Amino acid sequence: MKRKHLFQYLFLGIAFVLQSCEVDIMNDKRVLVTGTIVDSNNNPISNISVRSETSREALLGETISDENGQFEFTSLMSKPPYNFYIAVNSKPFSEIWHYHYDTELIENIDYSAKAFYDESNNRNASTYHLGVIQLNKYAKLNLHINNIPGDTNTLEYKLNYDSAICRVNLNGNDLNRCEDDESEFRFLDSEYSDIHINVESQLGTTVTFIYKLNGEPEQTISIPLTNPENTYVFEY
Amino acid sequence: MFLNIRTFVLALFISSTAFAQQTETTKIDSLGPGKNIGNISFGPYFPIAFGDNFANNGLDLKMGARFSFKIKTTKDFYVGPYFSFFKSNVSDPELIGNYFRSNNYLVGGMVNYEKHIGDFDASIGIGVGYSTYRNHATGDNFSDTATAVWLNPELSYRFSNYLGVYASTELRHDFMNVNVPKELKDTFNGANYINISFGLRINLGTAHKYM
Chain A
1 MKRKHLFQYL FLGIAFVLQS CEVDIMNDKR VLVTGTIVDS NNNPISNISV
51 RSETSREALL GETISDENGQ FEFTSLMSKP PYNFYIAVNS KPFSEIWHYH
101 YDTELIENID YSAKAFYDES NNRNASTYHL GVIQLNKYAK LNLHINNIPG
151 DTNTLEYKLN YDSAICRVNL NGNDLNRCED DESEFRFLDS EYSDIHINVE
201 SQLGTTVTFI YKLNGEPEQT ISIPLTNPEN TYVFEY
Chain B
237 MFLNIRTFVL ALFISSTAFA QQTETTKIDS LGPGKNIGNI SFGPYFPIAF
287 GDNFANNGLD LKMGARFSFK IKTTKDFYVG PYFSFFKSNV SDPELIGNYF
337 RSNNYLVGGM VNYEKHIGDF DASIGIGVGY STYRNHATGD NFSDTATAVW
387 LNPELSYRFS NYLGVYASTE LRHDFMNVNV PKELKDTFNG ANYINISFGL
437 RINLGTAHKY M
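For the protein sequence lines, the chains are A and B, in the order given.
Just so we're aligned: the first sequence equals residues 1 to 236 in this note's numbering.
Just so we're aligned: the second sequence equals residues 237 to 447 in this note's numbering.
This is chain B alone, in the form it adopts within the complex (with noise of 0.2 Å):
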């Protein structure tokens, strides 16, 4: 629970500088010559799961990893896909069920709002997806699915012109599909995560020389 509200803090903080960064208005958005395609960016994904669900009082969550693809449309707005995964460990088999391992996948796609300040991009974008949690019982595995929607808070750095590092928080939802009795609705009817990542950006075009 410590680690869960440390990490809690850590993640606000990464958003409030993200946002603080966003309001500065010093440098140019993309004006000069060269063609700002988008970008592409991967890295592991730390999921933290809060609030009364099984997400969080029944599984042990580890480490996966997030790639997502931003191709810009009109100006500042970025969409395209996004991918991620993590894996657990099942903590709790009495409330959750007897399985021992779930994988959960998800593809969706993002719309963002993007500011280059300087050699900083802060973007903040909101996602909708689907969500499959892969589950490995005895013998045998099985699924539960649900709609994700995510709010994606996003800060990178460029160290060169088609390179960069980013760091970004996910407040996310899972609107869980499992059909359960109303005893366990609290436990199965959602699952909240405010997910941590940071890893790899690749700038697309020749845009970000003249940023």
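Only chain A is shown next, with the shape it has when bound in the complex (with noise of 0.2 Å):
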């Protein structure tokens, strides 16, 4: 009996350690990330981080651009499927993707961040070139919806806009192109009466507002983002 479940031990023991080997780099493997950054008037930025990251926030290459806006780094590569990420002026791609309204993810404030990522499970990609990576000016949006006191009306409501990380797939056909950001329509009925949204996006870009006011067809707003600071009120 005893020795019974000595093997029960031994059995889970050995499990135990086999997973707790499990990996997410990948063995005998290199890849080089290249690319150049530049603002919105192509002017070179330097000193901003790029890091190549796992799913699993594992660090596996980073560095920042030079005076010229250029960087090259030797990175590892995570094994799938875990997914490989670089990310240009932002802290670690894990975080951004569940958080990524949140500007605490941006390194340097003065500019806005991109996320490229691989979720493919087809890794013989050995070069990342990035290209030139153009970084615009960090913009924020004060949206106000005011409901006029005494109406009876409601509101359905959702914002398109490029996000101040904007995401890149790396298996896409356009590296300049980030991914929209949207969100999804939001009712407010009656009882609403002042609604305050912070979007965190672009200089230059703008922010579509798009709205069902009682049902009624949809109408579009469009705010350019003309100064880092912008207020949008809005009253029905």
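Think of the hints as simulated: they come from the structure by calculation, not from any bench.
As the structure is a prediction and not an experimental result, all values here were calculated from the model.
Incorrect hints may appear among the rest.
[Stated by the list, open to error] Straight line, CA to CA, 30 Å or less: simulated DSSO-like cross-link-like pairs of lysine-lysine:
no.: 1; chain 1: B; residue 1: K311; chain 2: B; residue 2: K271
no.: 2; chain 1: A; residue 1: K79; chain 2: B; residue 2: K418
no.: 3; chain 1: A; residue 1: K140; chain 2: A; residue 2: K212
no.: 4; chain 1: A; residue 1: K79; chain 2: B; residue 2: K421
no.: 5; chain 1: A; residue 1: K79; chain 2: B; residue 2: K323
Dock chain to chain to rebuild the complex, using the hints, since each chain is given by itself in its own frame.
Below, the structure is given as structure tokens:
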């Protein structure tokens, strides 16, 4: 009986050790990451961090851009199914994925950030040439939605905008194209009186405010972000 | 760099001494009675990388240890297993990847030609083995592997029938298995070392009483 338990404990111990040995970095593999970081006027930006990571927060490689905005570093590679991320001017991508509205995740708050990701299981790429990466200035929109007291109007709305941390698919056709960020339609009945929304986006871009008032057809308002801090008041 | 050159010159000196001893033909080679089984040697191991590769440019190499077991086969020829390891810290993560520590383990086999000259034993051997770099990164570990070949001149001195000390140099090349883009080929194709070791040697069998 004791011997039987001994074997059971031994088996469990081995299983535990094997489980804890699970790795998310590929053996015998390195990749090269290169690119150039510029602002919206195509001027190089120096001292911008670039990091490659796994979805389990293992830091695979990192550097900062030089005075010409250029960077190059050797990175380890995450093992599928764990994703491979390259974060430019942002803190670890695993945090960004869930909290990408939080500007605390941007390292140099003067600029927006980009997060490139590779979710494919095919990790044959040996070089990631990211080309010219344009980081627009960071901009914020304070959107106030006021329900004028006494009305019984209802409002449905959603927002389309470029996030301050824009996500780019490394397997996409255009590495300069951010994935659109948009909120779900939100319904406000007459009990809501004053809503404040902070949108963290990029200078020079436009926030699209799409709404339906009392179930009527959709209306669209384009709000250009021309300043680092912008305010827009919508009353209904 | 200066340290590397200085150590390289020291290694060459030890090697040349070993070869010089090997050319002297004054004494017999285990012709007396008794049985020469072989020997075991072990001691600290000092790796010195050279060339344009990840080991020289991206690792700060630390001391390790070496173990070899030579079994006599035919006259003057010995074969046996060989094991070595050394530690290192990553000094240039931008060049080789973001990990902070690497331990190298080499397991292989050697063929040695050994001559006994008075109280000295001079040998030269070649080896081939499997080299593993066990790398420690943030939150995870991973490995780089290689096939290693090396040339190993060694000189030992017997201060008793069964015990002696040895000094050896090792010219070693690791053919790396790392998959890299062409821009990193020079860095990761291979690693070159001149390794120095000295330590204790245990002579097995009774033949050394009569040498």
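Cross-check of the supplied hints:
no. : hint            : result
1   : B/K311 - B/K271 : holds, 12 Å
2   : A/K79 - B/K418  : holds, 21 Å
3   : A/K140 - A/K212 : holds, 24 Å
4   : A/K79 - B/K421  : holds, 21 Å
5   : A/K79 - B/K323  : holds, 25 Å
Checked against the numbered hints given earlier, the structure satisfies every one of them.
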